[in-house]
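These are the residues of each chain, in order.
There are 2 protein chains.
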Amino acid sequence: MKNYNIIHLNDINKLKRIELHDQLNLTSSEISINQINAGESLPFVHSHKQNEEIYFILNGEGLLYIDGEEIIIKKDDVFRISPQGARSIKADDNSSLSYICIQAKANSLENFTLKDGKLEDCKPSWLQQ
Amino acid sequence: MKNYNIIHLNDINKLKRIELHDQLNLTSSEISINQINAGESLPFVHSHKQNEEIYFILNGEGLLYIDGEEIIIKKDDVFRISPQGARSIKADDNSSLSYICIQAKANSLENFTLKDGKLEDCKPSWLQQ
Chain H
99 MKNYNIIHLN DINKLKRIEL HDQLNLTSSE ISINQINAGE SLPFVHSHKQ NEEIYFILNG
159 EGLLYIDGEE IIIKKDDVFR ISPQGARSIK ADDNSSLSYI CIQAKANSLE NFTLKDGKLE
219 DCKPSWLQQ
Chain Y
99 MKNYNIIHLN DINKLKRIEL HDQLNLTSSE ISINQINAGE SLPFVHSHKQ NEEIYFILNG
159 EGLLYIDGEE IIIKKDDVFR ISPQGARSIK ADDNSSLSYI CIQAKANSLE NFTLKDGKLE
219 DCKPSWLQQ
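Taken in sequence, the protein lines are chains H and Y. Going by my numbering, the first sequence opens with residue 99, and the numbers climb by one from there. Going by my numbering, the second sequence opens with residue 99, and the numbers climb by one from there.
Each hint should be verified, as a subset may be incorrect.
Pairs involving identical chains hold if they fit within one copy or between any two copies, as the list cannot separate such chains.
[Said to hold, decoys possible] Below, a list of computed lysine-lysine pairs in the PhoX-like style, where the Cα atoms sit at most 20 Å apart:
#  : residue 1 : residue 2
1  : Lys147    : Lys213
2  : Lys112    : Lys172
3  : Lys100    : Lys147
4  : Lys100    : Lys173
5  : Lys221    : Lys100
6  : Lys147    : Lys216
7  : Lys173    : Lys112
8  : Lys173    : Lys213
9  : Lys216    : Lys100
10 : Lys114    : Lys173
11 : Lys216    : Lys172
12 : Lys100    : Lys112
What the hints contain is simulated information worked out from the structure, not anything from laboratory work.
Take these sequences, add in the hints, and give me the full structure.
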């Protein structure tokens with residue numbers, strides 16, 4: 099079995115919602131790409147039992163509701179929400195809102211980058227002399 | 099302590115490299131935003147001890163080396179790599195390559211979306227009658 103899965107999406111900014119867990123055989127996280135139409139919002143407030151969420155705003159503007167606060171969000175904002183945070187999102191009346199949402203189990207990360215990485219001896223064609 | 103952290107990045111597509119773990123107090127994952135200049139590559143091949151990686155190509159074209167294969171990658175490709183996969187990335191000679199890389203512990207996800215979510219009774223201003 100190969101050590102990877104790859105998919106090509108159509109323009110990420112035009113997707114309404116796509117969930118990647120099953121398509122990519124993810125085991126560490128669920129990742130979705132979402133778009134809320136101008137003036138619309140998620141119809142509920144939710145929290146999580148275990149998972150931390152990280153949101154990348156790809157395009158547009160809107161509002162994040164979090165534990166009673168309402169915060170303006172826009173393209174290139176990135177935010178983390180703890181599992182217990184009560185959250186919802188609304189697109190601005192004049193702008194749809196596109197974002198990536200990553201959910202992964204809070205406190206599950208043990209090491210990362212240099213401490214989790216291992217150098218390998220094999221080389222791609224472009225690194226061979 | 100608040101249940102969230104938020105940062106505003108300058109144009110994601112113009113960042114050389116930024117790591118979000120410490121800035122966002124991430125506990126589930128490390129997320130980086132990366133740019134490889136046209137014609138350049140990561141100078142090594144690496145694998146991971148524990149972490150699965152997911153890459154989102156934001157802009158440009160290039161090549162993914164994975165376990166001896168070389169695969170063309172481009173904007174809106176998304177791929178997952180198992181910890182043991184030996185990987186490297188190169189930007190096309192005519193195009194820089196921007197991508198998000200998420201690393202999180204393989205097999206750590208227990209539930210997600212509906213099974214991990216909980217509805218909350220509180221409401222933002224836009225959902226109140």
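So, going through the hints one by one against the coordinates:
{"no.": "1", "hint": "Lys147 <-> Lys213", "result": "between (28 Å within a copy, 9 Å between copies)"}
{"no.": "2", "hint": "Lys112 <-> Lys172", "result": "both (17 Å within a copy, 17 Å between copies)"}
{"no.": "3", "hint": "Lys100 <-> Lys147", "result": "between (32 Å within a copy, 17 Å between copies)"}
{"no.": "4", "hint": "Lys100 <-> Lys173", "result": "neither (35 Å within a copy, 22 Å between copies)"}
{"no.": "5", "hint": "Lys221 <-> Lys100", "result": "within (18 Å within a copy, 45 Å between copies)"}
{"no.": "6", "hint": "Lys147 <-> Lys216", "result": "between (33 Å within a copy, 7 Å between copies)"}
{"no.": "7", "hint": "Lys173 <-> Lys112", "result": "both (15 Å within a copy, 14 Å between copies)"}
{"no.": "8", "hint": "Lys173 <-> Lys213", "result": "neither (32 Å within a copy, 29 Å between copies)"}
{"no.": "9", "hint": "Lys216 <-> Lys100", "result": "within (19 Å within a copy, 35 Å between copies)"}
{"no.": "10", "hint": "Lys114 <-> Lys173", "result": "both (17 Å within a copy, 18 Å between copies)"}
{"no.": "11", "hint": "Lys216 <-> Lys172", "result": "neither (37 Å within a copy, 26 Å between copies)"}
{"no.": "12", "hint": "Lys100 <-> Lys112", "result": "neither (30 Å within a copy, 33 Å between copies)"}
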